[in-house]
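K.L.:
One-letter residues, chain by chain:
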Amino acid sequence: MNYQFEFGWLAEYYPQIVKGIGITVELIAVGAVAGISLGIFCAWVRALGPAWLKPIIALYVELIRNTPFLIQIFFIFFGLPSLGPQLSELQAANVAMVVNLGAYSCEIIRAGIQATPKGQFEAGASLAMTRFETFRHVVLVPSLQRIWPALSSQVVIVMLGSAVVSQIAAEDLTFAANFIQSRTFRAFEAYIVSTTVYLALAVLLRQVLAMVGGLIFPRRAVP
Amino acid sequence: MIEFTIWDILRNLLLATRWTIVLSLVSFIGGGIVGLVLLFLRVSKRQWSRSLAKYYIELFQGTPLLMQLFIAFFGLGLFGIDVPAWLAAGLALIFWSAAFLGEIWRGCVEAIAKGQWEAAASLGMGRLQQMRYVILPQAMKIAVPPTVGFSVQVIKGTALTSIIGFVELSKAGTVVTNATFQPFTVYGLVALIYFALCWPLSWSSQILERKLNVAHRNY
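Read top to bottom, the protein sequences are chains A and B. Sequential numbering from 1 applies to the first sequence in the working numbering. Sequential numbering from 1 applies to the second sequence in the working numbering.
Bear in mind the hints are in silico, worked out from the structure with no lab data behind them. As the structure is a prediction and not an experimental result, all values here were calculated from the model. All clues given are correct.
Short derived list, chain B residues pointing at chain A, Cβ under 8 Å:
| # | residue |
| --- | --- |
| 1 | Gly62 |
| 2 | Gly75 |
| 3 | Ser170 |
| 4 | Thr177 |
| 5 | Phe184 |
| 6 | Val190 |
| 7 | Cys198 |
Keeping only pairs whose Cα atoms sit at most 25 Å apart, straight-line, the calculated BS3-like set for lysine-lysine is:
| # | chain 1 | residue 1 | chain 2 | residue 2 |
| --- | --- | --- | --- | --- |
| 8 | B | Lys114 | B | Lys54 |
| 9 | B | Lys54 | B | Lys141 |
| 10 | B | Lys211 | A | Lys118 |
| 11 | B | Lys211 | A | Lys54 |
| 12 | A | Lys118 | A | Lys54 |
| 13 | B | Lys45 | B | Lys141 |
Glycine included, each C-beta is placed from N, C-alpha and C at the ideal position.
Using the sequences provided together with the hints, build the complete structure.
P.N.:
This is the structure in structure tokens:
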């Protein structure tokens, strides 16, 4: 192998990479907050909600979980405009990530809700709380705490999956890498650099999520 | 302008689905073999082999599959090999699935009570024999549902190989869209085909899990 590695382009192109990191971080921040909120709602419907809504949510969850993220994003960006809404690349990327994480986190959170001992629901009912109040004040937080590690992993997986949004020209980190390799013909180096950044982001994101977990759930887990 | 019927579109997509299935099978089986090696490294008594496997898994689970594909595609080329897309796709997917399968199976092996290891050791079995005759047969039972579940991830992972130019279902979807200008129909159909491939697997994984895990459910 007589290949000379060459990282000199970093000096010229690092603003692109920084901008790409910014977009990736923005995507996962919005995706995580909105996606988990959507997931909580869907999990509530599937575990305790009105019967007529259950099959709709189940269909949504199964459809998203059994199709590739790439196709979802293509469908949202290229397919949906024929029905009306024309989204920009970033909007489409955001929507796709929220919809995707919503479905996965729904299943994870539902598992947490279903692991709640029956006595918790009965305790809520005995305090004259409605079913929703019991869910909100008694069940939700311990349920989230139970599945927080699984949910964190899923957020990291979705962050790594966000590399795909470069395919609809949303200017994330992968887009920056593609851009740089097409300008400098230093494909291998560009992808090594961006991969390293992704690895660092994944490690960092895991720490942030662990910290957030520590803030939301200061007390010890209820079994 | 040529008119395309739904059947024209579907026929072309289904033809490309072959390659999605072939690539998924290759990745899953290859990933299983490498994953098994990783599993043995991961549960070994030697510190260096455990950390080696740990860092391997960390690396492949901490970076996007798309980046792994790019690096396989452009990186192998550095050795002067002319890399066809299918080779880069196959290799990247094999090593990627190995990382996940190895980690899933490690969990299953560690779920086996320690007494089983000790019982096997007390019969004078070596480490490999303990794994082969005592631990793995029990661990396999727990491993089936998550392994089947992961096969869905592999099928979905193959969609990314379209980006480095391997022509499978997703790539065919893009090509057909460019010919027909009907993205809604085409990507809708592509999604449905993926769904038809993945859903039976997800479903059987759930059923298997319920069958093998009755004792642990609350309600």
